[in-house]
Amino acid sequence: MKILIVEDERPIAKFIERCCKKILHDQEALEIEIKHTLENASNYLFENQIDLCLLDLNLNGKDGFDLLKLALSGSFHTVVVSANTDRAIEAFQFGVLDFVPKPFDERRLRNSFDRFFERVELNSTTKYLSVRKNNENVLLEIEEIYFFKAAGIYVEAHLKDGRIELLDKTMDRLGQILPSNFIRIHRSYFVEITEIESYKHVGGGTYCVNLKNGESLPLSRQKYKELHELFNH
Amino acid sequence: MLKFKNCECLTQKSGSHSKRTKVRNPILVLFIFLLCNNLFAQSELGNITFNLDSSGINLIQQWKVIFEDNPEFANPNFDDSKWQGLESLSENYKGVRWYRQSINLEGELREFDFLAMNTSTLVSAYEIYWDGNLILQNGSVSNSLENEIAGEVFQLAKMPKDITTNGKHTIAIRLSNQNSNEPFVYPQIEIGYHEEVHDVLETFFNIQVLNGTVFFLAMLFNFAMFFGGGRHRAYLLFAIYCFVGLIDLVFTTYNLQNNINIALLPYFDSFYYIVSPLSLILLSVFFINNFEIPKRNLHIGIIATLSILLFLLIGRESIFLLSFYPIGLAIYAVKKRRIGSFTIFIGITAQVILAFLFAFGILSFGYTIGIIALVFCVNLSISRQIREQSEQLESSRLFSAKLETDLLKKNIQPHFLSNTLFSIISWIEESPQKAVELIQALADEFRLVNKIASKKEIPLFEEIKLCETHLELMSLRKDAKFKLEQINLPESEMVPPMIFHTLIENGLTHAFESGENGTFTLSCEKLDGNTHFKLVNNGSLLKELEKSNDEQISEGMGIRYIKTRLEECYPKKWEMNYGLKDGLWQVNILIKNKI
Numbered sequence: 001m002k003i004l005i006v007e008d009e010r011p012i013a014k015f016i017e018r019c020c021k022k023i024l025h026d027q028e029a030l031e032i033e034i035k036h037t038l039e040n041a042s043n044y045l046f047e048n049q050i051d052l053c054l055l056d057l058n059l060n061g062k063d064g065f066d067l068l069k070l071a072l073s074g075s076f077h078t079v080v081v082s083a084n085t086d087r088a089i090e091a092f093q094f095g096v097l098d099f100v101p102k103p104f105d106e107r108r109l110r111n112s113f114d115r116f117f118e119r120v121e122l123n124s125t126t127k128y129l130s131v132r133k134n135n136e137n138v139l140l141e142i143e144e145i146y147f148f149k150a151a152g153i154y155v156e157a158h159l160k161d162g163r164i165e166l167l168d169k170t171m172d173r174l175g176q177i178l179p180s181n182f183i184r185i186h187r188s189y190f191v192e193i194t195e196i197e198s199y200k201h202v203g204g205g206t207y208c209v210n211l212k213n214g215e216s217l218p219l220s221r222q223k224y225k226e227l228h229e230l231f232n233h
Numbered sequence: 234m235l236k237f238k239n240c241e242c243l244t245q246k247s248g249s250h251s252k253r254t255k256v257r258n259p260i261l262v263l264f265i266f267l268l269c270n271n272l273f274a275q276s277e278l279g280n281i282t283f284n285l286d287s288s289g290i291n292l293i294q295q296w297k298v299i300f301e302d303n304p305e306f307a308n309p310n311f312d313d314s315k316w317q318g319l320e321s322l323s324e325n326y327k328g329v330r331w332y333r334q335s336i337n338l339e340g341e342l343r344e345f346d347f348l349a350m351n352t353s354t355l356v357s358a359y360e361i362y363w364d365g366n367l368i369l370q371n372g373s374v375s376n377s378l379e380n381e382i383a384g385e386v387f388q389l390a391k392m393p394k395d396i397t398t399n400g401k402h403t404i405a406i407r408l409s410n411q412n413s414n415e416p417f418v419y420p421q422i423e424i425g426y427h428e429e430v431h432d433v434l435e436t437f438f439n440i441q442v443l444n445g446t447v448f449f450l451a452m453l454f455n456f457a458m459f460f461g462g463g464r465h466r467a468y469l470l471f472a473i474y475c476f477v478g479l480i481d482l483v484f485t486t487y488n489l490q491n492n493i494n495i496a497l498l499p500y501f502d503s504f505y506y507i508v509s510p511l512s513l514i515l516l517s518v519f520f521i522n523n524f525e526i527p528k529r530n531l532h533i534g535i536i537a538t539l540s541i542l543l544f545l546l547i548g549r550e551s552i553f554l555l556s557f558y559p560i561g562l563a564i565y566a567v568k569k570r571r572i573g574s575f576t577i578f579i580g581i582t583a584q585v586i587l588a589f590l591f592a593f594g595i596l597s598f599g600y601t602i603g604i605i606a607l608v609f610c611v612n613l614s615i616s617r618q619i620r621e622q623s624e625q626l627e628s629s630r631l632f633s634a635k636l637e638t639d640l641l642k643k644n645i646q647p648h649f650l651s652n653t654l655f656s657i658i659s660w661i662e663e664s665p666q667k668a669v670e671l672i673q674a675l676a677d678e679f680r681l682v683n684k685i686a687s688k689k690e691i692p693l694f695e696e697i698k699l700c701e702t703h704l705e706l707m708s709l710r711k712d713a714k715f716k717l718e719q720i721n722l723p724e725s726e727m728v729p730p731m732i733f734h735t736l737i738e739n740g741l742t743h744a745f746e747s748g749e750n751g752t753f754t755l756s757c758e759k760l761d762g763n764t765h766f767k768l769v770n771n772g773s774l775l776k777e778l779e780k781s782n783d784e785q786i787s788e789g790m791g792i793r794y795i796k797t798r799l800e801e802c803y804p805k806k807w808e809m810n811y812g813l814k815d816g817l818w819q820v821n822i823l824i825k826n827k828i
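Chains A and B, in that order, give the protein sequences. Residues 1 to 233, numbered by our numbering, are exactly what the first sequence covers, in order. Residues 234 to 828, numbered by our numbering, are exactly what the second sequence covers, in order.
Be careful, since some hints might not be right.
Unchecked claim - Listed below are the simulated DMTMM-like cross-link pairs for lysine to aspartate or glutamate, each with C-alpha atoms no more than 20 angstroms apart in a straight line:
id	chain 1	residue 1	chain 2	residue 2
1	B	K643	B	D677
2	A	K160	A	D105
3	B	K714	B	E690
4	A	K22	B	E662
5	A	K21	B	E301
6	A	K14	B	D312
7	B	K401	B	D312
8	B	K805	B	D364
9	A	K14	B	E749
10	A	K69	A	E39
11	B	K394	B	D364
12	A	K133	A	D86
13	B	K667	A	E17
14	B	K315	B	E301
15	A	K14	B	E301
16	A	K149	A	D172
17	A	K14	B	E670
18	A	K127	A	D168
19	B	K767	B	E800
20	B	K667	A	E195
21	A	K14	B	E746
22	A	K21	B	E663
23	B	K643	B	E801
24	B	K643	A	D86
25	A	K22	B	E670
26	B	K796	B	D815
27	A	K133	A	D105
28	B	K642	A	D86
29	A	K14	B	E663
Don't read these hints as lab results, they were simulated from the structure.
Turn these sequences into a full structure, and let the hints guide you.
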């Protein structure tokens with residue numbers, strides 16, 4: 001597991017590192033990298049694959065949300081570490097896994113890792129997803145999205161206006177930050193629940209979901225049961 | 234303010250002559266002329282006619298004179314053809330002399346009235362003869378000061394019906410003016426029906442009482458506003474002005490009801506010539522004070538000098554010209570857009586115009602209305618000013634409170650406080666000693682900030698101490714070394730609080746790479762009374778700013794705070810700029826004419 005800590009104050013960075021090491025002592029191949037500046041951090045991200053980024057949102061006084069957009073467009077999860085608690089809601093809307101207000105202790109950080117390892121139920125309030133397009137980070141409004149479809153190591157976001165955007169996320173990690181109105185109907189699909197027109201058994205162990213725009217998407221057998229329960233209660 | 238001595242022409246020795254002006258105020262002469270609708274031709278001596286069927290008051294001011302004393306001069310049959318005319322005469326003579334003039338009475342005498350002569354302008358002892366009969370004796374005429382007994386000012390010679398028959402009559406005056414400071418006397422006698430002569434006097438008296446009442450009430454009101462209110466100087470100054478106006482009126486009105494001895498007139502005179510310019514000076518002082526007109530003493534000096542010059546060069550009557558001085562001051566205030574100045578300008582202009590209308594006999598209550606207008610406008614203007622002042626005070630209080638809150642907020646904002654606390658947590662494990670130092674530094678900074686929070690200015694050394702504490706704290710937080718170098722700092726000089734602290738805070742946030750050590754250099758230079766502070770830091774990040782655009786140094790909260798503080802302490806007398814110079818980030822603050 002690879003973790004990047006972005007924090008400009010050295011004593012604090014070291015402290016976070018120590019906390020991580022204690023919490024993740026049972027993890028194999030734990031790698032923790034500390035970067036003190038925005039520039040170093042983005043350079044590092046450009047060349048390295050990581051699983052989790054612990055990000056201080058007040059980097060050198062510049063708006064940390066710039067870096068946040070960059071971080072969120074990556075395939076990894078982001079936990080924001082900041083003293084500016086008044087921006088927590090905003091951060092969650094941008095799809096961060098957790099927001100840890102400074103100062104914190106090991107116990108609080110452990111909660112974030114529980115979220116990371118899906119040991120707790122998440123109640124996501126994400127409103128935007130960050131997409132890297134032509135070297136820029138663009139925000140997609142989640143409301144504008146019809147459904148998500150897996151495409152190799154990426155995810156396609158199908159928008160209501162017909163556009164398709166490519167997200168650098170795995171289906172599982174996306175699932176962790178998507179709000180609850182998106183349900184996973186298949187290994188490869190997340191659908192916005194109100195867009196479902198009907199669902200049916202096509203025969204031969206095949207199920208499908210018909211969307212309001214006429215499209216039909218595959219539905220797994222197991223999810224068929226879940227959906228059936230959801231709609232009949 | 235115009236002060237017309239309207240009553241005096243009737244009660245005192247006002248008089249006009251082709252060569253010398255004896256009336257205190259030329260406008261009053263006009264006033265009198267207008268009252269006398271039968272003005273006698275100046276040139277025709279001995280041909281004065283008074284029509285008994287008409288009404289009005291006639292002014293007799295053409296006389297023949299002889300500088301001798303002989304009881305025969307009273308005789309109507311005496312030949313005075315060799316006597317001198319008055320108009321070509323310029324004399325300095327106080328002894329006994331005779332004046333003669335004849336008057337022709339025509340028409341029918343009113344049944345229930347009789348004629349009267351007002352001789353109140355004559356000084357200082359005299360006898361009036363009508364066709365050789367003594368009809369009025371006032372004092373005792375003499376060639377020497379010791380023997381002359383001065384008469385009383387107010388004299389009305391009532392004339393029995395049987396001596397005012399139709400035909401030619403001779404008026405003769407035997408007079409000496411030993412007890413007067415006038416060099417000579419040019420008699421002016423008003424003749425008319427008793428009722429009318431008396432009416433004029435009574436009207437004046439009533440107007441004077443009315444004017445006095447207005448002054449008195451305005452004075453009481455303004456004193457009350459001064460002592461009962463916020464002790465605004467404007468009220469006191471205007472109350473004093475009203476007081477002087479009142480005193481003047483009381484003095485002049487007193488003559489009308491209570492006769493005084495002519496010998497006392499010089500004292501009354503000098504009183505008037507002090508009070509009149511004084512009243513104008515007071516009004517000017519009020520304007521200067523109220524409208525913050527510069528060079529106060531110069532203006533007072535000019536008015537005083539002008540009144541003396543006018544007195545000496547043109548004559549004492551011309552002092553009324555100074556009434557235009559306060560109008561000038563009001564115009565200046567209007568031009569400078571002083572609060573309430575237009576109201577006062579309207580008031581004073583109305584007052585002067587109305588006083589003129591009064592003096593020309595167009596509006597008999599003009600003077601009264603004028604004073605009321607002035608009092609009203611002045612009080613309106615003062616109360617508007619006070620309202621403005623209290624609003625300003627209120628907003629400046631709010632502003633100061635806001636600045637204080639800003640200052641305190643800077644230190645408890647999460648960015649600073651939470652990060653510092655987190656640094657302490659971080660240090661506790663690694664180096665408890667440093668954690669303790671950090672706690673100490675935080676406590677020190679809080680103590681200092683608390684001490685200065687409510688102050689508008691603090692001594693520079695306190696500010697420096699605060700900066701040093703902050704740098705120590707930040708050194709521990711950033712695990713680097715920051716220091717402040719001081720060059721030539723006037724330690725006891727007062728500066729607005731947390732200016733340099735804010736600049737250093739900004740520098741620490743923007744200028745330094747993580748782990749980079751830094752030095753701030755604060756220096757001070759004094760040139761031509763201006764104080765120039767320069768704060769330089771050697772941070773590496775800002776050096777690169779030159780290459781990138783300036784977006785990142787847009788005005789943040791910190792800079793706004795500093796600018797607001799500087800403006801509060803040195804309104805429009807400061808400059809601030811910042812930028813790279815010789816590869817170093819530099820902030821310059823210039824305070825002009827710092828005392």
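* **Distance restraint between K21 of chain A and E663 of chain B, which requires alpha-carbon spacing of 20 angstroms or less** => Holds - the C-alpha atoms of E663 of chain B and K21 of chain A are around 15 angstroms apart, at most 20 angstroms.
* Straight-line alpha-carbon gap K14 of chain A to E670 of chain B, limit 20 angstroms -> 18 angstroms, holds
* Asked: CA of K714 of chain B to CA of E690 of chain B, is that 20 angstroms or under?
  -> 29 angstroms, violated
* Asked: Does D105 of chain A lie within 20 angstroms of K133 of chain A when you go C-alpha to C-alpha?
  -> 37 angstroms, violated
* When you check the alpha-carbon spacing of K127 of chain A and D168 of chain A, does it fall within 20 angstroms? -> 17 angstroms, holds
* Taken at face value, is the distance from the CA of D677 of chain B to the CA of K643 of chain B at most 20 angstroms? -> Holds. K643 of chain B to D677 of chain B sits at ~15 angstroms (cutoff 20 angstroms).
* To do: Decide if the proposed pair is consistent with the structure: K14 of chain A and E746 of chain B, CA atoms, cutoff 20 angstroms inclusive.
  => 17 angstroms, holds
* Would you check the hint for K149 of chain A and D172 of chain A, treating anything up to 20 angstroms between C-alpha atoms as holding? => Measuring from Cα to Cα gives roughly 12 angstroms; hence the hint holds.
* Within 20 angstroms, alpha carbon to alpha carbon, are K643 of chain B and E801 of chain B? -> 19 angstroms, holds
* Satisfaction of hint between D86 of chain A and K642 of chain B, Cα-Cα up to 20 angstroms -> Since the Cα atoms of K642 of chain B and D86 of chain A sit roughly 15 angstroms apart, the hinted pair holds (cutoff 20 angstroms).
* **20 angstroms Cα cutoff - pair K796 of chain B, D815 of chain B** => Status violated; Cα separation ~25 angstroms.
* Is the Cα-Cα distance between K394 of chain B and D364 of chain B 20 angstroms or less? -> Distance of about 14 angstroms is within 20 angstroms: holds.
In this structure, the hints that do not hold are numbers 2, 3, 5, 6, 8, 12, 15, 20, 25, 26, 27, in rising order.
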